[in-house]
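Residue numbers (the numbering used here): 10 to 577.
Hints in this document: simulated from the structure, not taken from any laboratory. Treat the hints loosely; a few may be bogus.
DEER-style ranges, computed between Cβ atoms [as the list claims (entries may be wrong)]:
| hint | residue 1 | residue 2 | range |
| --- | --- | --- | --- |
| 1 | 135 | 570 | 49 to 59 Å |
| 2 | 502 | 396 | 35 to 45 Å |
| 3 | 570 | 476 | 17 to 27 Å |
| 4 | 338 | 559 | 19 to 29 Å |
| 5 | 146 | 72 | 26 to 36 Å |
| 6 | 115 | 338 | 43 to 53 Å |
Heads up, simulated DSSO-like pairs for lysine-lysine below, C-alpha to C-alpha not over 30 Å straight-line [said to hold, decoys possible]:
| hint | residue 1 | residue 2 |
| --- | --- | --- |
| 7 | 100 | 240 |
| 8 | 240 | 196 |
| 9 | 196 | 100 |
Since we're looking at a predicted model, the values are computed, not measured. Beta carbons are placed, not taken as given, at the ideal position from N, Cα and C, and that holds for glycine.
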Amino acid sequence: MEAASNPPPLPAELLANESRPQLGSLLLRDGILSVEQLEWARAEKEANGERLGEIVVERGLVSGSMLARTLAEQHALAYLDLAAVGLLPEKLARRLEALPVRFVADDVVQVAVADPTNVLASDDLRLVLGLHIELVVVTAADLHRATDRAYRASILVEATTEDDAPLDLGVIDDLRDGSATGAPAIKLANQLIARAIEDGASDVHFEPQQDRMLVRARIDGVMREFAQVPKALVPAVTSRLKIMGELDIADRRSPQDGRISIRYGGAPIDLRIAVLPTTYGEQIVLRILHRASGRLGLAELGMSPEAEAIFARAIKQPYGAVLVVGPTGSGKTTTLYAALELLNDHDRVLTTIEDPVEYQVAGVNQIEVNPRAGLSFARVLRTILRSDPDVLLVGEVRDEETARIAIQTAMTGHLVLTTLRTHNAASSIARLRDMGVEQSLLATSINCIVAQRLARRLCVQCCEAYVPEQAELVDMGVETLGLEGTTLHRARGCANCSGTGYDGRVALYEVMPIVGRIRRLIEASTEEIFAAAVEAGMITLREDGIRLCRAGVSSLEEIRRVTGDRLM
10 MEAASNPPPL PAELLANESR PQLGSLLLRD GILSVEQLEW ARAEKEANGE RLGEIVVERG
70 LVSGSMLART LAEQHALAYL DLAAVGLLPE KLARRLEALP VRFVADDVVQ VAVADPTNVL
130 ASDDLRLVLG LHIELVVVTA ADLHRATDRA YRASILVEAT TEDDAPLDLG VIDDLRDGSA
190 TGAPAIKLAN QLIARAIEDG ASDVHFEPQQ DRMLVRARID GVMREFAQVP KALVPAVTSR
250 LKIMGELDIA DRRSPQDGRI SIRYGGAPID LRIAVLPTTY GEQIVLRILH RASGRLGLAE
310 LGMSPEAEAI FARAIKQPYG AVLVVGPTGS GKTTTLYAAL ELLNDHDRVL TTIEDPVEYQ
370 VAGVNQIEVN PRAGLSFARV LRTILRSDPD VLLVGEVRDE ETARIAIQTA MTGHLVLTTL
430 RTHNAASSIA RLRDMGVEQS LLATSINCIV AQRLARRLCV QCCEAYVPEQ AELVDMGVET
490 LGLEGTTLHR ARGCANCSGT GYDGRVALYE VMPIVGRIRR LIEASTEEIF AAAVEAGMIT
550 LREDGIRLCR AGVSSLEEIR RVTGDRLM
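Kindly generate the complete structure, drawing on both the sequences and the hints.
Okay, structure coming up:
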């Protein structure tokens, strides 16, 4: 049906005195719908429970842009026409560092730029667009983020509308290069990985479902859904990812793991690829490891002054073991490298054993384990002892043999820095005992144990100050920590933080020196060791989190999520 050119008077029920006009009355007023069309749409709404706007757009009675304009008027909001965003191809938008935002007139388009003094880029824009341009200035970071989001939606659309082609066996040179084209599956895999890197993800999960593949990424320690790969493309995307990791694409029943080195924006990045067969196909998890050139110093880790002093004193000992413990992805390696940075001078020989080497450090002998070639942590550790090192960094204690050799090494005149996956500092003693390390060795060789977690930072652009009520403090289990009447901050969400309320992460630390009574309690239970450490003045993970809440860095909800309900 066509819209009436001269609409009749509005029905009485639509002219009721309301604070906000009804959508139907506005569509009738402007002649977009006839009375008959509106009555039919309202009947469909009653029958199917759909929204009126959805009905008229789906049935072709109203265009999407017209509905959006009317909704903006109904809610007294501004209307923004995003049709201009698609005027520039992605590659050109990135080269010119410009993003069309909206039409301000029929022949004038508003363009966001970070550098309004770039006259050549402005001239290129006028030539390419064939329109007058009106520049608006934004920050470079906001422009890059908006460009990423503007062209992100085209990934799946493009992949599902093209015919698939044979997979390219070549490796990816640079994921950020707009020329990375090819078969839809290749483009889709490349762009999803690129998007994960841009958003700061640590892991990307490709999870096959019955009718699609769900793509999720872990950003700031929390999983977020990225995309859904159509069922027709799942085998090709899976094969592409396995080829990248040089895995056997014909073997779909066995777990596999591999690695690949790529470049993104000119920076080298390592991907660890793990494949696991599931009910609906092969699940693939990519671990993103940045080979960062810049490292944090000890003072930049964010420890409290008391914890930093204890940690610094422990790593300056000529021998002994310093353990940094916590779950995967809690920043343990960053902490160890901060310690290594402090110890890196011409008077010492520093050697590391890692899987993989995440940071390149001048003046340090770095060794990467290779289980396929027989280079395990334990075997390399035994060999290194003949090379006269002063300080050894062992990436992780994973088994009994490595634990025993590392602790024995700490007793023979070497300083050993290593990591262990345990819940907190006190439970690390029990974990090492379970791994077969003699209790007498533990008591005499360990200098300090540091437990840590990563909590999300509040977005500085949208966090909200408030004073918590007593009920909230009780619910969070922090009613005894003196927060009554204290001004804290909580997450709200904005465009800068993708609506999460958080942007980046910060570390919580629990530093337990093995001295005095604690050294004598090595054979005791975890609870007894923890109680003795707290009595001696140890700041727990939760208490350190509360310190960050008082400083407005994080929120109570986030600290509870990271540390749980128990103090220990």
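Against the structure, the hints come out as follows:
Separated by about 50 Å at the C-beta atoms, residue 135 and residue 570 satisfy the suggested range of 49 to 59 Å. Hint check: residue 502 to residue 396, Cβ distance near 53 Å, so the stated range 35 to 45 Å is violated. Hint check: residue 570 to residue 476, Cβ distance near 21 Å, so the stated range 17 to 27 Å holds. Residue 338 and residue 559 have their C-beta atoms about 26 Å apart, which keeps the hinted 19 to 29 Å range intact.
Roughly 32 Å separates the CB atoms of residue 146 and residue 72, a value that falls within the hinted 26 to 36 Å. One distance hint, 43 to 53 Å for the beta-carbon pair residue 115 and residue 338, holds here, with the actual separation near 52 Å. At most 30 Å may separate the alpha-carbon atoms for a hinted pair to count; residue 100 and residue 240 meet this at roughly 28 Å. Of the pairs offered as hints, the one joining residue 240 and residue 196 holds, with about 16 Å between alpha carbons and a cut-off of 30 Å not exceeded.
As the CA atoms of residue 196 and residue 100 are separated by approximately 14 Å, the hinted pair is consistent with the 30 Å bound.
Hint compliance for this structure: hint 2 is the single one not met.
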